[in-house]
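Peer 1: Sequence:
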Amino acid sequence: MADRYEPHVIEPKWRARWEETRLYAAPDDDPRPKWYALTMFPYPSGDLHTGHWYAMAPSDVGARYRRMLGHNVMFPMGFDAFGLPAENAAIKRGIDPREWTYQNIDRMRGQLRLMGASFDWDREVVTSDPEYYKWTQWWFLQFYKHGLAYQAESLANWCPGCQTVLANEQVVDGRCERSDDVVQRKMMRQWFFKITAYAEELLRYDGIEWPERIRNMQRNWIGRSEGAHLDFKVDVPGATEPLTVFTTRPDTVFGATFMVIAPEHPLVERITTGGQRAAVDDYVAATARASEIDRLSTEREKTGVFTGAYAVNPFNGAHVPIWIADYVLVTYGTGAIMAVPAHDERDFAFARKYGLEVIPVYTHPNVDITTPIAAAFPHGTAMANSGPFDGTPEAEAVAKVVAYAEERGLGKGAVTYRLRDWSVSRQRFWGAPLPFIHCAKCGTQPVPDSDLPVVLPEKVQFMPTGQSPLTLSEEWVNVPCPNCSGPARRETDTLDTFMCSSWYQMRYADPHNPERPFSAEAARKWFPVDQYTGGAEHAVMHLLYTRFFWKAARDMGLVEGDEPMARLFNQGVVLGPDGNRMSKSRGNVVAPDDQVEKWGADCFRCQLMFVGPWDQGGPYNPTGMSGISRWLNRLWSLVVEPPSLIDLPDAPATRELRRATHKTIVAVTEEVEEFRFNTMISRLMEHSSALQRAREAGSVDRAAWDEGVRTAVLLTAPLAPHITEELWERLGNGYSVHTQAWPVADRALAHDDEVEIVVQVNGKVRDRLSLPAGSSEAAVRAAALALPRVQQAVEGRTVRKQIFVPDRLINIVV
RNA sequence: GCCGAAGUGGCGGAAUGGCAGACGCGGCGGUCUCAAAAACCGCUGAGCACACGCUCGUGUGGGUUCGAAUCCCACCUUCGGUACCA
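For the first sequence, position 504 matches number 504 in our numbering, and the numbering has no gaps at all.
Just so you know, these hints were derived from the structure itself, not from any lab.
Just so you know, nobody snuck in bad clues.
Derived DEER-like restraints, expressed as beta-carbon distance ranges:
{"id": "1", "residue 1": "E521", "residue 2": "A741", "range": "22 to 32 Å"}
{"id": "2", "residue 1": "E406", "residue 2": "Q461", "range": "53 to 63 Å"}
{"id": "3", "residue 1": "A591", "residue 2": "L329", "range": "37 to 47 Å"}
{"id": "4", "residue 1": "E729", "residue 2": "A591", "range": "24 to 34 Å"}
With a straight-line Cα cutoff of 30 Å, these simulated DSSO-like cross-link-like pairs (lysine-lysine) come out:
{"id": "5", "residue 1": "K134", "residue 2": "K194"}
{"id": "6", "residue 1": "K302", "residue 2": "K186"}
{"id": "7", "residue 1": "K525", "residue 2": "K34"}
{"id": "8", "residue 1": "K441", "residue 2": "K186"}
{"id": "9", "residue 1": "K134", "residue 2": "K92"}
{"id": "10", "residue 1": "K13", "residue 2": "K598"}
{"id": "11", "residue 1": "K194", "residue 2": "K145"}
{"id": "12", "residue 1": "K353", "residue 2": "K302"}
{"id": "13", "residue 1": "K134", "residue 2": "K459"}
Think of the CB as a built atom: it goes at the ideal place given N, C-alpha and C, for glycine as much as any other residue.
Hey, can you work out the whole structure from these sequences and the hints?
Peer 2: Below you can see the structure in the form of structure tokens.
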């Protein structure tokens, strides 16, 4: 019955069986220890591409491995289904975004099933289902009630292409992360989440294993800096409130020779003198016109305008001019700085250009501070020109100045973060409506929980202007105020889709609960995610937001523990065969469906994992498929065409085969634990070759052969789930290979009897010795010195030293 | 500019202080075949010897060590992140 390996026959057969028997369902009442494995859910673009396979198939291997270790594994899948592409399709082609999205989901479900991943489809979530976004809205109200959501008029990142506001995290190099349009700045009323309230805690990663790379990116993004707020009086009649600056260098305050405030700073209007009014107005207008890109370019020469007003340095009473300049950002710190040109390059450049005073307040071994300095020097030896502080060493300076300021009420120590509150309102249709009603009498009122979900209207008009149809749907917008029942209007902004994905992993635990987002029992049962996998491009978006969301939920008493995902692994980016990012324009796109048709899903899965380390990504090589295909065919033939089997328990060949098998278990187990799938597969290939050699050599011991083949099938099961299921059955075992226990190695059998020891003379390899494992140094030395080649090299010289590494090497130094 | 990762055969890569190039692709030779495909076996870093061998070789230059792809210093290149953040 030596039939051939035909993936297109066995793969659909087993997938159907798995679904019928709900093999991968994760029951809530299973007593085994739980394992929550999660891979980032896709946006339903309508086509599952190789990148999705590259992200998900290895993640599936991890989940399957845990299942074989005896865990009750939950490995759910769903769709991040709100978002702009659906709406753009509606605007361009007149297709209803709902229809477009759900058709795509249907298609992608089918494509996902081809992968043969062990997803628990009973737990599927679709973020655009009212049953899901009801709870997204509910969450928003919870944040609102706990003071973590607020609306404010502020300078927003406006993407003209997407016709909506973007969060800072969605602006990349001054451009929209999605559409690449240059982002404009616009004053708008928006909703925010107070993520900054958690800035400090988000910097800590206690008790979780996240890659250093991601932690670094998040830390940089949060951008904590320590310093002080210092209050300068404004020397303008009628101005009572101080001009507060943030500085990381309060120790240089005596060198502050001018102030710079952002053009958008509220004080600009009040302090500008009559003579400077025109110049200031021009500058403010020019700044408003400039794009974020122009403004942020560090190459650009600094510009600014004098306001005509002066501030008073609280430390020495000096009157210093107040300038406005766009190198000071209204969104960071207090939007105002004290400029210390002697010790800050930017301030120095500005002072040079406008002829402002430069006063060094530090001594420096290489700088004469009694004459004009040629460049700013950020650090010095001891304070100077600083009145009572002169002579203070730099290391003590900041603390001393801050203490002085606090004593006298001139300011106080402060920490500032680069992170800003998360802007979550979007001026678009295809998202979860913000559950608020604006009433002229009662103000902004939350929609009562009992009225959730606020459902998107059907049959709406999409305008090519990009204007949200919600603003045009009169019957949807006009509602009675929940407070006074008077006429009121619905909020027409919808939520950033990152809000939907911030809690999806919670919903998977209890996806059909109509009463609440998840039950307390489900939370206790499943949280946190044990292993999360996904792309690093989400480092400062999804991966930061979801941590914030979790911490907020914890403080509301809804979840326990400080982090949503215990372990994170970031896969790399899979490239086209030419080493470039896959793209239609380059014509290097590999379509998974084609590969499955040609080679089978098992083969494609394995090839993606075999090309290199998962975290590094790299080119997908279609010609390499034949190597994987040969290996799977070999595995097939080992099962269906065994050699003649006899009992030879004590034969050296038997011992050797069993050693190969047990060594493979040891190695493969380590590699799957660490997600090193490329070397895992190469180990399995070596084992197949060992079985192959044994078969070619003649009769094989029955027990050793059975153990070898059975082990090969079990160890390969997570990687290639279909073929192994078929082979498992053909070996006469019961369904299913995927619920079997992971093989355990017998260390004694894996151990070598004989080892090869490298013999070096002066660090150069001269010969090799085959000796019993664990040979003593004296024995190895004697054997080594007896070798003709060693004798030749050592002859006539004295042995000065010898290095011995047991079972590895001996090095004789002469 | 700053932070991080990486540079190894014709190609993807393995080896994280101890035999560089595991495993695979590609290439060359062979077995089987009327032939081809498939399958299987052997060889495949460079140079010299073309046999036993020898020398060189992991981006570049230095260092530590009996011994370095691996550790340290400087530099070059590529990729990712970030960038007037006071």
